[in-house]
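Here the protein sequences line up with chains A and B, keeping their order.
Residue numbers for the first sequence follow the working numbering, so the first one is 1 and each next one is one higher.
Residue numbers for the second sequence follow the working numbering, so the first one is 1 and each next one is one higher.
Quick caveat, the hints were computed from the structure, so don't treat them as lab data.
Backbone N, C-alpha and C define an ideal beta-carbon position, used for all residues, glycine too.
Just so you know, not all the hints are guaranteed correct.
Stated by the list, open to error - Below, computed lysine-lysine pairings styled on DSSO-like, alpha-carbon distance capped at 30 Å: (1) B/LYS143 x A/LYS15; (2) A/LYS271 x A/LYS355; (3) B/LYS80 x A/LYS388; (4) A/LYS388 x A/LYS49; (5) A/LYS60 x A/LYS45; (6) B/LYS166 x A/LYS388.
Unchecked claim - Label-pair ranges, simulated between beta-carbon atoms: (7) B/SER45 x A/THR301: 25 to 35 Å; (8) A/ALA385 x B/GLN134: 54 to 64 Å; (9) B/ASP76 x A/VAL290: 48 to 58 Å; (10) B/GLU235 x A/ARG321: 42 to 52 Å.
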Amino acid sequence: MISLAGRDILHSWGKFALTGLGLGLLIGVTLTMAGVYRGMVDDAKVLLKNSGADLWVVQKDTQGPYAESSSIRDDVYRGILGMPGVVQAANVTYLTMQVRKGDTEVRAMVVGFVPGGPGEPGYLVAGRRVTRGHYEAVADVNTGFAVGDRLRIRRHDYTVVGLTRRMVSSGGDPMVFIPLKDAQEAQFLKDNDAIVSERARTALNPSLNRPGVPGLLEAIDASQTSNRNVNAVLVRVAEGRSPEAVAQIIRRWKHLQAYTRAQMEEILVAKLIATAARQIAMFLAILAIVSAAIVAFIIYTMTLGKIREIAVLKLIGTRNRTIASMILQQALGLGLIGFLVGKISATVWAPAFPKYVLLETGDTARGFLIVMMVCAFASTLAIRAALKVDPATAIGG
Amino acid sequence: MNAGVGIHIESLSKRYGEGAAAVDALKDVNMSVAPGEVVGLIGPSGSGKTTLLKCLGAVIEPTRGRMMLGGEVIYDNAWKISDLRELRRDRIGFIFQAPYLIPFLDVTDNVALLPMLAGRPNGEARSRAVELLQALDVAHRAKAQPSELSGGEQQRVSIARALANKPPVILADEPTAPLDSERALAVMRILNLMASQYQTAIIVVTHDEKIIPTFKRIYHIRDGRTVEEAGEGREVGP
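Whenever a hint applies, use it, and build me the whole structure from the sequences.
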């Protein structure tokens, strides 16, 4: 038996191809939306993995440093280093800001890190690591910076000495790594005019400027112009030690919050990007409905255009199931063309997105099944119309 | 079974609607067409031609009466055949006013489709199609799409399709309406030839004055009743 659906598709391939192209672009957008969500989850996981930490120690009663702000004293790490099972502990700061290069600006997460400690970028794709204590930076390639570029962060200029890859914040902003002291200054210090004003204000305060207490005013001024805070301490535990056990000790004795990697992943994926995920899920649902409506409309219109032929087919003895199968196959064929176009489109345009778009094979397979199911469902309207056709309409008046 | 009967109907009636709104479209119609015979069914609009054709084609159910096809009773105040779709596919050929060829199948497959639907192997169905296309002199267009054929060629292909399953009866609904005189007479010549060659009973519904003189027997239908009369039986050439 010849394939009626196949012949019809071949006969009107132009219409099918154009419809499939339109549907495919819609499916491409749908796959990309799924890829954006996967990219966000992957960014979160990579952020944690590349930090090289087993524990994140943050301010008590906060879910910092990524989901909430956290501020702890920068000498906390010393106490943690002395705890059993802790191999490394290092301060880190995180600050999302506009990093300037000449007249241009790039939104980036500026990370203050201690060279050699957790939090340092794991690998470089160009240049070298930060070796000086000040004014050197390593940037993610997504910033668009090159080795040798001069960046301005707050009041200071930094030279990009190395480039890394896949180091982005949970929001997808590429990272710029600078020495911890510079980052602390950038994050917490005021500009010179503000410092001068603050000093004048302090000097006018009789409780802080007591003639009977020499050195008090200077000590207060000094405390205002130095910064002793960081956002978190990243901890690496000894092999074979349970990070959760070490975290419990930190929580109990240091009056700080400590998260294991699994807990931090939970915070990032289930809380930080949960709203974005729901947003994307809404888009996916709407796109699926729109796709179904388009397929239903196209197949229904194409079927209505063949009502006379369907009446003739029924009159000459074609079974209803043969006609239903023809329409179903056409809908599935349209879905197949659309899916192929969509997959190719998504693959082509995904790298052009500013944020990471991860097209997973599993999502592709699930997407294919959903498209096929949507097309099958969408064809029911046309099948109903075809089955209602009276074969008698093929004959005369 | 009476192999000497192509189609035979007795006292066939068809009523549409109920009560005061009822319309008797056919009233005790009698008709008999022998194998190999081509008869005309003529009448004004609304006389019941199409209703009769639909009853004969098993697409609507008569109200009462009796119908025999190829000697077998297919209707006797009720359908005697359980699968009317199969009856239409295997034992009745249809030719329409417009050819209504399937636009996405080529000429051969348009003809071969019926044997394929009847479960015949593709090769056998296509051989049958080629044989009919040769008989109807359109074999040279076997691979063409219907849209590439002239009106006359399309109608010849539709005749080939009607003959594809070797039905004992062909119902032709104004098959020459869209054709000029020459092509209309050519179609009638083919129908006569095919009727004689395949021993098929053919009923041609028409009000085409050009072809009426070609029938040897004509059934006039008026107000749902048929009257048989002899036709001129004019020769339409070789």
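Structure-based check of each hint:
1. At most 30 Å may separate the alpha-carbon atoms for a hinted pair to count; B/LYS143 and A/LYS15 meet this at roughly 22 Å.
2. Distance hint between A/LYS271 and A/LYS355 is fulfilled; the C-alpha atoms sit about 19 Å from each other, no more than 30 Å.
3. Between B/LYS80 and A/LYS388 the CA atoms are separated by roughly 24 Å; this keeps the pair inside 30 Å, and the hint holds.
4. Distance hint between A/LYS388 and A/LYS49 is unfulfilled; the C-alpha atoms sit about 60 Å from each other, more than 30 Å.
5. For the hint pairing A/LYS60 with A/LYS45, the CA-to-CA distance comes to about 23 Å; that is within 30 Å, so the pair holds.
6. The hinted pair formed by B/LYS166 and A/LYS388 meets the criterion: a straight-line CA distance of about 29 Å does not exceed 30 Å.
7. Taken as a hint, the range 25 to 35 Å holds for the pair B/SER45 and A/THR301, whose Cβ atoms sit roughly 33 Å apart.
8. For A/ALA385 paired with B/GLN134, a C-beta distance near 38 Å fails the hint of 54 to 64 Å.
9. Take B/ASP76 and A/VAL290: their Cβ atoms lie about 56 Å apart, and the range 48 to 58 Å holds.
10. Between B/GLU235 and A/ARG321 the beta carbon distance is about 47 Å. The supplied range of 42 to 52 Å therefore holds.
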